[in-house]
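Peer 1: Below are the chains, spelled out letter by letter.
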Amino acid sequence: MTASSVEPNRRDFLYIATGTVAAVGGAAALVPLIAQMNPDASTIAAGAPVEVDLGPIAEGQVIKVFWRGQPIFISHRTKKEIEEARKVSLASLPDPQADDKRVKPGKDQWLVLVGICTHLGCIPLAHQGAYEGWFCPCHGSVYDTSGRIRQGPAPKNLPLPPYKFLSDSKIRIGEEDTAKV
Amino acid sequence: MSGHSTYQPQSAFMKWMERRLPIAGLMYSSFVAYPTPRNLNYWWTFGGVLTFLLGAQIVTGIILVMHYTPHADMAFNSVEHIMRDVNYGWLLRYLHSNGASMFFVAVYIHMARGMYYGSYKEPREVLWILGVILYLLMMATGFLGYTLPWGQMSFWGATVITNFFSAIPLVGESVVTWLWGGYSVGNPTLQRFFSLHYLLPFVIVGVVVLHVWALHVVGQNNPTGVEPKTDKDTVAFTPYATIKDGFFMACFCIVYAWFVFYVPNYLGHADNYIPANPAVTPQHIVPEWYYLPFYAILRAIPDKLMGVIALFGSIGILAFLPWLDTSRVRSANYRPLFRQFFWIFILVTVGLGWLGSKPAEGGYTIAARILTIYYFAHFIIILPILGWVEKTKPLPNSISEAILKSSGVSSAAPTATKS
Ligand code: HEM
Ligand code: FES
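Top line first, the protein sequences correspond to chains A and B. No gaps in the numbering here: position 180 of the first sequence is 180 in my numbering, and each next residue is one more. For my numbering, add 1000 to where a residue sits in the second sequence, where the first one is 1.
There could be a bad hint or two in this list.
[To be verified] Per label pair, the in silico range of CB-to-CB distance:
#1 A/15 with B/1043: 25 to 35 Å
#2 B/1174 with A/28: 34 to 44 Å
#3 B/1173 with A/128: 21 to 31 Å
#4 A/91 with B/1210: 54 to 64 Å
#5 B/1347 with A/100: 50 to 60 Å
#6 A/175 with B/1126: 52 to 62 Å
#7 A/128 with B/1277: 42 to 52 Å
#8 A/28 with B/1087: 43 to 53 Å
#9 A/32 with B/1210: 29 to 39 Å
#10 B/1210 with A/61: 55 to 65 Å
#11 A/50 with B/1081: 30 to 40 Å
#12 A/15 with B/1140: 31 to 41 Å
[Said to hold, decoys possible] Computed footprint of chain A on chain B, listed as stretches where at least three residues anywhere in the stretch have a Cβ under 8 Å from a Cβ of chain A:
#13 1033-1044
#14 1241-1247
#15 1282-1296
Everything labelled a hint here was simulated from the structure, so no lab data went into it. Computed from a predicted model, the values in this text were never measured in an experiment. Backbone N, C-alpha and C fix where the C-beta goes; we use that ideal spot for every residue, glycine too.
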């Protein structure tokens, strides 16, 4: 520190250059350290689309299938359930969304939902709660027959997975219908 | 750790050693000659109990790992294998699972002791904050460990707790996927939780060293809250504190053993003996008892993000206690008002714990809201105001004066000697 009094000297340069390389190198090393925790290739591959035959699902029945390790609810809704979902005023909903935006055009009876409570991830129970849609046993969130949140701590409606109709009685979950819409 | 070590190495080997690595001297001045206030009561023995339990968890844990398989398809069965096939496996597992509960019993008493006697006040703020960090690390370790048997409560507890992070605006969902290593809790989650459950206890050991270091810099508080002034106020750590700690530890172990041998599953949940099933959520998800007060706070608040903030806030606020309590008198023994509010606070926290174990509906939710408000009010309103308005009792001039007054006999207790 005595060799040269002219500022900046060579040591200052080395100091800054080394510091920069260390900072950039350290930041670059963080990328793999963090990224390794994201879903790996086999997990992503296991999340390929699944096809579901709707034929055996009776009116009024809700079935549960798995896609990407997540439960998917497929509800074959009755006339009454559809009516109830349609007649509510949107302004009164915590997360307003019209029922016909939650089903595919002309397929009002088929409601397909990701069956994970938007509060903290429990699986709600079908045909329960004040609106006879779903009720989450964990902290008491209540969803209606359109899977919309009506009461309780959950902030959002049950999400819709990407899916498309292959025929009138078959859907594929995990792929959006890009042709229409 | 006042001044230089008075340690005098006796043997030639220890003399040789002391000039190269003075570890014996450090141990001597920290745990033998170290002066402790002579009026410490049994509430001061829980630090020793905690150290013992940390050691016990590490020993039983390392042994469990020899027989446990961290894989979603095999974890549950490997725990059953420990219970049925491994020699004394049932004992080691029950020691570990009940040891975690005992650990929390001890830490709650240890913290309440600090709050009652004002041990967080100047100059012990850093010591106190290190304690809060230890508590957080313990909570994380306990949570990670509870997922390992991969039963229903393991699985759904992990799902609910990791979902706290989905409340973060914008990036929440990506953070949760990153934590899981998948689109739901699954094998990648179990494997990383196992890795971290093994790691964190050793991080705890590191922070305990800092905690004890800070303690030995500022010295122990005591029931009067008056700092030791002369040699008459203290006794040597060994034998006085060592024997008291040791005696109480043995008593504590009776309770621990009673749980292990007579009611090993009393503090657990029957649902955790059902293998994890991603398709079915148990009717009542209840965390381990030691998280219940915070769980009640989470559920009391009808908004997801605010609920999670309140949950973390209720623990984080402890770190600010040294500055929220404005009174300069440490010990509740000389603070008649604070003393009452302290016990109300304890009751409120226990009440929240009880509500956390009940379903979140009707009257329970209303009660939980009232108690949640009180919990925060204790720190943000009551403590700062008490410091201003409370008329405290006169403090004794010294620890020995306080003892002589209360016992009415002349001091026969030995002073700090280097026997
Ligand atoms: C701070 C110390 C620790 C705490 C609070 C703690 C807590 C826990 C808890 C609550 C469980 C669930 C027990 C059950 O319900 O069966 C558990 C399981 C387990 N822990 Fe720990 N643990 C600690 C240290 C360790 C260490 C150091 C290791 C390994 C080196 C370890 C290895 C395990 C294993 C393999 C299991 C799964 C077997 C079982 O469920 O009994 N733990 N731990
Ligand atoms: S997870 Fe459904 S209400 Fe909390």
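Peer 1: Which of the numbered hints above does this structure break?
Peer 2: Checked against the structure, the hints that fail are numbers 1, 2, 7, 13, 14, while the rest are satisfied.
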